[in-house]
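S.K.: Sequence:
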Amino acid sequence: MGNWHSREGELSQEIDRLRKEKAHAESELKRIEECERGAREQNILYAEQLRGEEVLRLQRNIQFHERQLEYERQIAAANVAKAEAAAVAVADEAERERERH
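Each residue of the sequence shown is one higher than the last, beginning at 119 in the working numbering.
Heads up, a few of these hints could be off.
With a cut-off of at most 25 Å between alpha-carbon atoms, the simulated SDA-like pairs for lysine to any residue come out as follows [stated by the list, open to error]: (1) 140 / 156; (2) 200 / 211; (3) 138 / 149; (4) 140 / 128; (5) 200 / 188; (6) 200 / 212; (7) 138 / 123.
Restraint-style ranges between C-beta atoms, simulated for each label pair [claimed, not checked]: (8) 174 / 152: 24 to 34 Å; (9) 206 / 171: 48 to 58 Å; (10) 175 / 151: 44 to 54 Å; (11) 190 / 168: 24 to 34 Å.
I should point out that these hints are in silico values taken from the structure, not numbers from a laboratory.
This one's a predicted model, so the numbers in the text were calculated from it and none came from an experiment.
Even for Gly, the Cβ is constructed at its ideal location relative to N, Cα and C.
The whole structure should be built from the sequences, with the hints applied where relevant.
M.R.: Structure, rendered in structure tokens:
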């Protein structure tokens with residue numbers, strides 16, 4: 119009988135040790151899950167920040183190209199006006215030539 123009580127005590131101690139080990143493992147798992155959740159949240163925030171920066175970069179790029187197109191439109195309009203003025207000048211010159219002859 120004494121042998122059984124000794125064995126029972128050993129098994130009881132082993133069960134207690136395993137319960138503590140399980141509690142520690144569960145605590146560690148919880149900590150890891152919290153870290154993962156925090157990392158996911160940080161990754162989401164970082165991705166949103168990158169998207170925001172990308173949107174701003176694209177907006178600046180669009181604005182640059184809009185200004186460039188407006189500048190080119192102004193140049194084209196000025197060239198049209200010059201061509202029209204040159205055409206009027208040539209027509210006036212041609213009219214004066216006809217009047218002389």
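S.K.: Keeping to a limit of 25 Å between CA atoms, is the pair of residue 200 and residue 211 held or broken?
M.R.: Cα-Cα ~16 Å, so holds.
S.K.: At the C-beta level, are residue 175 and residue 151 separated by a distance inside 44 to 54 Å?
M.R.: 36 Å Cβ-Cβ, so the 44 to 54 Å window is violated.
S.K.: Between residue 174 and residue 152, does the beta-carbon spacing fit 24 to 34 Å?
M.R.: The hinted range 24 to 34 Å holds for residue 174 and residue 152, with Cβ atoms some 33 Å apart.
S.K.: Can the restraint linking residue 200 and residue 188 be considered satisfied, given a maximum Cα separation of 25 Å?
M.R.: Answer holds: residue 200 to residue 188 is near 18 Å, not above 25 Å.
S.K.: Just to be careful, I want the Cα atoms of residue 200 and residue 212 compared with a cutoff of 25 Å; is the pair within it?
M.R.: holds, 18 Å
S.K.: Does the alpha-carbon distance linking residue 138 and residue 149 stay inside the 25 Å limit?
M.R.: holds, 16 Å
S.K.: Does residue 140 pair with residue 128 here, judged by a C-alpha cut-off of 25 Å?
M.R.: holds, 18 Å
S.K.: Holds or violated: are the alpha carbons of residue 140 and residue 156 at most 25 Å from each other?
M.R.: holds, 24 Å
S.K.: Is the gap between the beta carbons of residue 206 and residue 171 within 48 to 58 Å?
M.R.: holds, 52 Å
S.K.: Quick check: does the Cβ-Cβ distance between residue 190 and residue 168 fall within 24 to 34 Å?
M.R.: Between residue 190 and residue 168, where Cβ atoms are some 32 Å apart, the hint holds.
S.K.: Would you mind confirming whether the straight-line C-alpha gap from residue 138 to residue 123 stays at or under 25 Å?
M.R.: holds, 22 Å
When each numbered hint is compared with the structure, a violation occurs for hint 10 only.
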